[in-house]
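Protein sequences appear in the order of chains H and L.
Counting from 1, position 29 in the first sequence corresponds to residue 29 in my numbering; the numbering is continuous, with no gaps.
Just add 1000 to wherever you are in the second sequence, counting from 1, and you've got my numbering.
Since the hints were made in silico from the structure, they are not lab data.
Ideal placement from N, C-alpha and C gives every residue a C-beta, glycine not left out.
Do not take every clue at face value.
To be verified - One-sided and incomplete, this derived list gives chain H residues near chain L with beta-carbon spacing under 8 Å:
1) Cys197
2) Cys200
3) Asn278
4) His282
5) Ile311
Claimed, not checked - So the derived label-pair ranges between C-beta atoms look like this:
6) H:Ser162 x L:Thr1028: 16 to 26 Å
7) H:Glu341 x L:Met1001: 47 to 57 Å
8) H:Tyr79 x L:Asp1087: 46 to 56 Å
9) H:Pro178 x L:Asp1292: 21 to 31 Å
10) H:Glu192 x L:Arg1189: 17 to 27 Å
11) L:His1047 x H:Met1: 53 to 63 Å
12) H:Arg188 x L:Asp1292: 17 to 27 Å
13) L:Gln1089 x H:Met50: 22 to 32 Å
14) H:Ser162 x L:Leu1163: 29 to 39 Å
15) L:Asp1297 x H:Arg157: 42 to 52 Å
Unchecked claim - Over the 12 Å line for every Cβ pair with chain H, so calculated as not near, a few chain L residues:
16) Arg1059
17) Gly1069
18) Gln1139
19) Arg1157
20) Gly1195
21) Gly1218
22) Val1242
23) Lys1254
24) Glu1316
Protein chains: 2
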Amino acid sequence: MPQLRQDLITGRWVAVATERARRPDSFTQAAKESIAARDVCPFCPGHESMTPPEVLAYRPPGTMPNSEGWWIRVVPNLYAAFRLEPDGQEQRAGRFWQRDAIGACEVLISSPDHRAPTPLLPGRQVEEMVQSYVDRYRQHARNPTLEHVLILYNHGRPAGASLEHPHSQLYAIGLLPPTYLEELEGARRFFEQEGECVFCRTIADERRAGVRVVFENGSFTVFAPYAARTPFETWIAPRRHVASFGDLDTGREKSALAEALQVTLRAFYDGLNDPPFNYYIHSALLKGNVADAWISDAYHWHLEIVPKLSIAAGFELGTGIWINVVKPEDSAAFLRERIAEGAGPPADASGARGVAPREPRFSAMRAIETSGGPGERLRRSP
Amino acid sequence: MPQLRQDLITGRWVAVATERARRPDSFTQAAKESIAARDVCPFCPGHESMTPPEVLAYRPPGTMPNSEGWWIRVVPNLYAAFRLEPDGQEQRAGRFWQRDAIGACEVLISSPDHRAPTPLLPGRQVEEMVQSYVDRYRQHARNPTLEHVLILYNHGRPAGASLEHPHSQLYAIGLLPPTYLEELEGARRFFEQEGECVFCRTIADERRAGVRVVFENGSFTVFAPYAARTPFETWIAPRRHVASFGDLDTGREKSALAEALQVTLRAFYDGLNDPPFNYYIHSALLKGNVADAWISDAYHWHLEIVPKLSIAAGFELGTGIWINVVKPEDSAAFLRERIAEGAGPPADASGARGVAPREPRFSAMRAIETSGGPGERLRRSP
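Please construct the entire structure, taking both the sequences and the accompanying hints into account.
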């Protein structure tokens, strides 16, 4: 019998359709054709003039802005759906209302290497990528005209990535996103009823249940949400209660986030042969706009990875209800096994509750790491 | 400057990103490879035993159920995400709550012809297809355990169609879809403030503005919504205020709906070379469950066509805000021109307001119609 599951946070229902169940490994991607786009790639070193001038770059002292040498580079998006303008205008024609789309759209280039997705980067480089997220988040958080900052990553053409060179994106916008408001409303309701953060409770419940936990380290828990919308939907949540991603501790917590992200994406990469996915960070409203003090108690930032392994069709569009053909328990077990394979003995040797290891497991990553630090071109062959 | 537009009904914001604007005809699809799947198609005549037994068929008197001869055939979906069971069970483990997905999933086969999408069917056959929608809608509306019936059509693989043989689907479910509730809440708000149906008002406003109207006939207005989510999103709305699709008048109104649907899909087919799309019918709750009398005054059924010409990526998933790279005024003008080309002189010869013709324009359709009525195999070559 197919089942409906309700997401505790948003109240959203998902149909887990066991009738159409497919084995997790049936989602493994076919081999892709290589796209040799480096020559014309605007994100590759030497092509700095093909983008708008950089707004941030990590580069050795003494190198010129918008020249080679950087290991992280952030530039405004050339095709911006939002623009920072001093005065937003609006226009009404009867009931037809439009206003200027105020905001900033930026591209955060993850590394100089055209062919190095996050799982194949040196661990240190992933930390630098996370640092660039924090730096740009905090920069926009100071702008009182903005309400929300979304940092996201589109990987693979089916997930909407139009350029191959690995890059994240940032949207800092002047309106409140409905999906955030939906989470916030659920968090408020739970906080009023239970006096507790619904995300903290969910993380604790997931750790107790174990079956949906994919990975853990000192600061983060990676798990398949109980009401996962798509096969292999996976969340990365900090165990420390923090409402805003801007408050990430850039020492230990940053390293742990980089590790959790890399280990998880590596399990996707190895287990499903580099599947397309989107991830994004949900974070509380910008501080300048937090009128209600309860939000910092009730909301909890987190990162949601949504692989593009199924198509949202007429049913999903028409109802807002997702049909997921893989149980999140099965996708979590599959990813746990891939992580265990890459990192020594199985994490879940007992065969029982399946709680993933608490200690960092970096050996799989280290094997592909080069000796060079950030700033050097990676030596991995394409 | 990119613009934000708000949908009057749902309050949903859409960014119309003029910076990435593409000409409407840039969405024209590449030629597809023919898929010769008839031999194994479970929806083709002669293969009736490959599906569960039919729940409805239009067939000549004297033919046996589940044998050839039908011109419309409705069968339960073999891969049902919802199932009708007398007693729905639920299961709670702490805060993890699931319940049986109660409902019915059906496949409504549009015609015996494997290769005849809606725009290429004889007009009479499209009316029969609409009649099957009404018959099955009304059948499920009598079931007091169900809350909502969604009828939808997925066309093309990128839009989630797994079988080529043209077919619609019906989901009769025991829970309230969020997208419907969102519309209903907007309709309630508007009704309280303005004492009027927000859909009736929208249709009147669109007819006055004219620029987004694609087609009209005696009963229906076809238009690109002001805050269209995707390139070429198009709605078909009855001008008579009716909350439930089940109350469609199966005389003149049914014919007019079939015409509006066929003319519109034909403009997609000709203008964009058979693009993938989803459509679905949004209709009020089932009558047995309408506790609030205001719903019949405030809600208004309609059909939404959402072509799959762009990818909902990290931004859309993470915010619930859509970015549309084509202005709905431009997509409407493009479709109007295609309709005019297929039906005689341009609808908008004045070059001015662009209101589409009120009279049925069936000549393009008639040209491909066979002399045979429904039930005969179409003679068009594959």
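Taking the hints in turn, this is what the structure says about them:
1. Against a cut-off of 8 Å between C-beta atoms, the interface hint on Cys197 of chain H is violated, since the closest Cβ of chain L lies about 13 Å away.
2. Interface restraint check: Cys200 of chain H against chain L, minimum CB-CB distance 12 Å, threshold 8 Å, status violated.
3. Checking Asn278 of chain H against chain L by beta carbon gives a least distance of about 4 Å; that is within 8 Å, so the hint holds.
4. For His282 of chain H, the interface hint holds, the least distance from its beta-carbon to any beta-carbon of chain L being 7 Å, beneath 8 Å.
5. The interface hint given for Ile311 of chain H holds, since its Cβ lies 4 Å from the closest Cβ of chain L, which is under the 8 Å cut-off.
6. Distance hint check: the CB atoms of Ser162 of chain H and Thr1028 of chain L are about 19 Å apart, consistent with the given range 16 to 26 Å.
7. Between Glu341 of chain H and Met1001 of chain L the beta carbons are some 51 Å apart, a value that agrees with the proposed interval 47 to 57 Å.
8. Between Tyr79 of chain H and Asp1087 of chain L the CB atoms are about 54 Å apart, so this pair conforms to the stated range of 46 to 56 Å.
9. Separated by about 24 Å at the C-beta atoms, Pro178 of chain H and Asp1292 of chain L satisfy the suggested range of 21 to 31 Å.
10. In this structure the supplied range 17 to 27 Å holds for Glu192 of chain H paired with Arg1189 of chain L, their Cβ-Cβ distance being about 24 Å.
11. Separated by about 28 Å at the C-beta atoms, His1047 of chain L and Met1 of chain H break the suggested range of 53 to 63 Å.
12. The supplied range of 17 to 27 Å is met by Arg188 of chain H and Asp1292 of chain L, whose beta-carbon atoms lie about 26 Å from each other.
13. For the pair Gln1089 of chain L and Met50 of chain H, the beta carbons lie near 59 Å from each other, so the given range of 22 to 32 Å is not met.
14. A hinted range of 29 to 39 Å for the beta carbons of Ser162 of chain H and Leu1163 of chain L is consistent with their spacing of about 30 Å.
15. Range check, Asp1297 of chain L to Arg157 of chain H: Cβ separation about 47 Å, and the 42 to 52 Å hint holds.
16. Against chain H, the non-interface label of Arg1059 of chain L holds: every CB pair exceeds 12 Å, the least being about 27 Å.
17. With a least CB separation of 29 Å from chain H, Gly1069 of chain L remains clear of the 12 Å interface cut-off, as annotated.
18. Every C-beta of chain H lies more than 12 Å from that of Gln1139 of chain L, the closest at about 19 Å, which supports listing it as non-interface.
19. Not every C-beta of chain H lies more than 12 Å from that of Arg1157 of chain L, the closest at about 8 Å, which undercuts listing it as non-interface.
20. Every Cβ of chain H is farther than 12 Å from the Cβ of Gly1195 of chain L; the closest lies at roughly 15 Å, confirming the non-interface assignment.
21. At roughly 25 Å from the closest C-beta of chain H, the C-beta of Gly1218 of chain L stays outside 12 Å, upholding its exclusion from the interface.
22. No Cβ of chain H comes within 12 Å of the Cβ of Val1242 of chain L; the nearest lies about 18 Å off, and the non-interface call holds.
23. Residue-level check passed: Lys1254 of chain L sits 21 Å from the nearest beta carbon of chain H, beyond 12 Å.
24. Not every CB of chain H lies more than 12 Å from the CB of Glu1316 of chain L, the least distance being 8 Å, so the non-interface label is violated.
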